[in-house]
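S.K.: Make the full structure from the sequences, and use the hints.
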Amino acid sequence: MSTASEPAARSPAGQGYFASVARWGPGEIIFWAGLVAVFFVPDANLILFGQIVIWGLFAMSLDLLLGYRGIPSMGHAAFFGIGAYTAGYLGKFGWTEPISGLLIAMLLAGIIGWLTGRFIQRVSGIALLMVTLGLNLILYDVVHRQSDLTGGDDGLQGVVIAPVLGLFRFDIFGRTAYLYALAVTFLLFLVARALVKSPFGLALLGARENPRRMITLGTPIERDVSAVFAIAAAMAGAAGALLTQTTQFVSPATLSFQRSADVLVILIIGGTGRLYGGFIGAFVFLFLRDWLAALSPVYWYFWIGLLLVIVVAFFRKGIVPSLEALVQRVRWR
Amino acid sequence: MTEGTLSQPVLQTRDLRMAFGGLVVFHNLNFTLQRGERHAIIGPNGAGKTTFVSLVTGLLQPSGGDVLFNGAVITGASPQQRVKAGIARTFQINSLFKALNPLASLVIALAEREGRAGVSLRKVARETALIEEASALLAKFGLGDDALAVTETLPYGKQRLLEVALALALRPQLLLLDEPAAGLSTEQGHELFRQLAVLTADTTVLFIEHDMNLVFRYADRVSVFAAGALVVQDTPDRVRNHPRVREVYLGA
Numbered sequence: 001m002s003t004a005s006e007p008a009a010r011s012p013a014g015q016g017y018f019a020s021v022a023r024w025g026p027g028e029i030i031f032w033a034g035l036v037a038v039f040f041v042p043d044a045n046l047i048l049f050g051q052i053v054i055w056g057l058f059a060m061s062l063d064l065l066l067g068y069r070g071i072p073s074m075g076h077a078a079f080f081g082i083g084a085y086t087a088g089y090l091g092k093f094g095w096t097e098p099i100s101g102l103l104i105a106m107l108l109a110g111i112i113g114w115l116t117g118r119f120i121q122r123v124s125g126i127a128l129l130m131v132t133l134g135l136n137l138i139l140y141d142v143v144h145r146q147s148d149l150t151g152g153d154d155g156l157q158g159v160v161i162a163p164v165l166g167l168f169r170f171d172i173f174g175r176t177a178y179l180y181a182l183a184v185t186f187l188l189f190l191v192a193r194a195l196v197k198s199p200f201g202l203a204l205l206g207a208r209e210n211p212r213r214m215i216t217l218g219t220p221i222e223r224d225v226s227a228v229f230a231i232a233a234a235m236a237g238a239a240g241a242l243l244t245q246t247t248q249f250v251s252p253a254t255l256s257f258q259r260s261a262d263v264l265v266i267l268i269i270g271g272t273g274r275l276y277g278g279f280i281g282a283f284v285f286l287f288l289r290d291w292l293a294a295l296s297p298v299y300w301y302f303w304i305g306l307l308l309v310i311v312v313a314f315f316r317k318g319i320v321p322s323l324e325a326l327v328q329r330v331r332w333r
Numbered sequence: 001m002t003e004g005t006l007s008q009p010v011l012q013t014r015d016l017r018m019a020f021g022g023l024v025v026f027h028n029l030n031f032t033l034q035r036g037e038r039h040a041i042i043g044p045n046g047a048g049k050t051t052f053v054s055l056v057t058g059l060l061q062p063s064g065g066d067v068l069f070n071g072a073v074i075t076g077a078s079p080q081q082r083v084k085a086g087i088a089r090t091f092q093i094n095s096l097f098k099a100l101n102p103l104a105s106l107v108i109a110l111a112e113r114e115g116r117a118g119v120s121l122r123k124v125a126r127e128t129a130l131i132e133e134a135s136a137l138l139a140k141f142g143l144g145d146d147a148l149a150v151t152e153t154l155p156y157g158k159q160r161l162l163e164v165a166l167a168l169a170l171r172p173q174l175l176l177l178d179e180p181a182a183g184l185s186t187e188q189g190h191e192l193f194r195q196l197a198v199l200t201a202d203t204t205v206l207f208i209e210h211d212m213n214l215v216f217r218y219a220d221r222v223s224v225f226a227a228g229a230l231v232v233q234d235t236p237d238r239v240r241n242h243p244r245v246r247e248v249y250l251g252a
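Chains A and B, in that order, give the protein sequences.
Position 11, counted from 1, in the first sequence is what the numbering used here calls 11; the numbers after and before it change by one each time, with no gaps.
Position 22, counted from 1, in the second sequence is what the numbering used here calls 22; the numbers after and before it change by one each time, with no gaps.
A portion of the hints provided could be inaccurate.
To be verified - Distance windows between CB atoms, simulated:
hint : chain 1 : residue 1 : chain 2 : residue 2 : range
1    : A       : 212       : B       : 244       : 52 to 60 Å
2    : B       : 140       : A       : 212       : 19 to 27 Å
3    : A       : 331       : B       : 19        : 54 to 62 Å
4    : A       : 141       : B       : 132       : 52 to 60 Å
5    : A       : 305       : B       : 145       : 44 to 52 Å
6    : A       : 326       : B       : 183       : 32 to 40 Å
Since the hints were made in silico from the structure, they are not lab data.
We put the beta carbon where it would ideally sit given N, CA and C, even for glycine.
M.R.: In structure tokens, the structure reads:
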């Protein structure tokens, strides 16, 4: 509050407000520092944490659509799968360098996301759920049937990924995989964070709140839908590519409807419109799954379902927004 | 689009027709609005006043005829293109960003006006000029203390002002106000119009209004719509005494 007092003096509310919205809070710093610290904890299950980071990135990409622009998608795994298969094919057919492979996967998922955005930009509500679900099912069926090309149910075998930067080999403990996934995820998180705190991010919120008003302000809301779809799809594609590269395998499950539903559950448990909701949701979801699957490998979806009901009943908006409200209440006291 | 010459009407319609299925709202409507006017549209319910505004702003497409803005045909232009050309509107029922605050709402409008709302990673906080302007505009509307309140928690009268502020933030050449005083008390309505008279001094204003006291006090010209036709267009005094208007309004 002590710095940058010059513009603040002229319009204290305005400048200060937008500056405070963009400022890094202690919770955020603790969150990322914690993820780095996990690497140094002896015997930490880095393979599980790597999964959490990747699922968190995937859910964050859905948050851009659902939380910030209000577009519910029941088919977001389509983009995850496109990224996963792109990275898989590249690795299988000799393009083993991971970072360029990741970028190509993002580009392809982004282009298909942009086209999807153009296709659905005039659709809203329940119809949107159906269209995105439909697109996802079509893609899944194509991959499933073209088993000569995709390996069908067996997945894509023989994916080779070279060491990151030519130095760090992917090891069986998932150490390289974890740091690689964390670094990529953090960079994409920075992009998403800057995006939602930009004027474009405000315009997304405006269109979420009131599309008709945005039109009468002159905003090309359809173009914005394509843009945010492209970005969200590219980031989902990155998550898919990370999964392929860190496991050196792709299965059709990466673009299944089940995955689309799981990522939606993760985001809703964590809370929408915060970027962190996806990560916290992924943490809860995957830890529970890991723990429950150990107890009883068949029935763990029962507990996930129960969790979802409890979260929606008691935390309404999800874990992260509820925690925020709690912190605020304590502070006011 | 150019500003147009002084003598050229800001807005014109040529044989404008509008039908919803079999229901004809307008039949060859020819309407002219001169630059700088504070022009009221009155008429009974169902006369097509709001439909007219939506045809001008492009939210509806006419069944026939043309809309001209500064002499250029804009009938085929999208609502967004018309905003960029200089037409802004408010709605009869508040159309705001309920969960956002007034400051952010105005910054959205200003960023769009200045072409700075495209995809970027530049923080809103760095748009100091826009934030300054938004704050100044809020202060002008007496909303300075409410800049950071959640819009839907504001009293109705203030939301009504924000509705106008959002449209005016676009610096339109033509401002269309659809019943700006709707839902306000008589006193609040007069207060709003007093403020509007000051705030929109350089803008051509076309407003729909039911309260005749407001109309005759603040309009310099009045158009009377009835049953899909322009019955009369004249100064308030002459309109008041026009036999057809008395007939339409008073049934006498």
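S.K.: Using the beta carbons of residue 326 (chain A) and residue 183 (chain B), state whether their distance is inside 32 to 40 Å or not.
M.R.: About 37 Å separates the Cβ atoms of residue 326 (chain A) and residue 183 (chain B), which means 32 to 40 Å holds.
S.K.: Can the suggested window of 54 to 62 Å be confirmed for the beta-carbon pair residue 331 (chain A) and residue 19 (chain B)?
M.R.: At roughly 59 Å between Cβ atoms, residue 19 (chain B) and residue 331 (chain A) fall inside 54 to 62 Å, so the hint holds.
S.K.: Please check whether residue 305 (chain A) and residue 145 (chain B) have a Cβ separation lying inside 44 to 52 Å.
M.R.: holds (47 Å)
S.K.: Range first: 52 to 60 Å. Now tell me if the beta carbons of residue 212 (chain A) and residue 244 (chain B) are that far apart.
M.R.: About 35 Å separates the Cβ atoms of residue 212 (chain A) and residue 244 (chain B), which means 52 to 60 Å is violated.
S.K.: Is the gap between the beta carbons of residue 141 (chain A) and residue 132 (chain B) within 52 to 60 Å?
M.R.: At roughly 55 Å between Cβ atoms, residue 132 (chain B) and residue 141 (chain A) fall inside 52 to 60 Å, so the hint holds.
S.K.: So does residue 140 (chain B) sit 19 to 27 Å from residue 212 (chain A), Cβ to Cβ?
M.R.: Taking Cβ atoms as reference, residue 140 (chain B) and residue 212 (chain A) lie about 25 Å apart, which means the hint holds.
Going down the numbered hints, you'll see the structure goes against just number 1.
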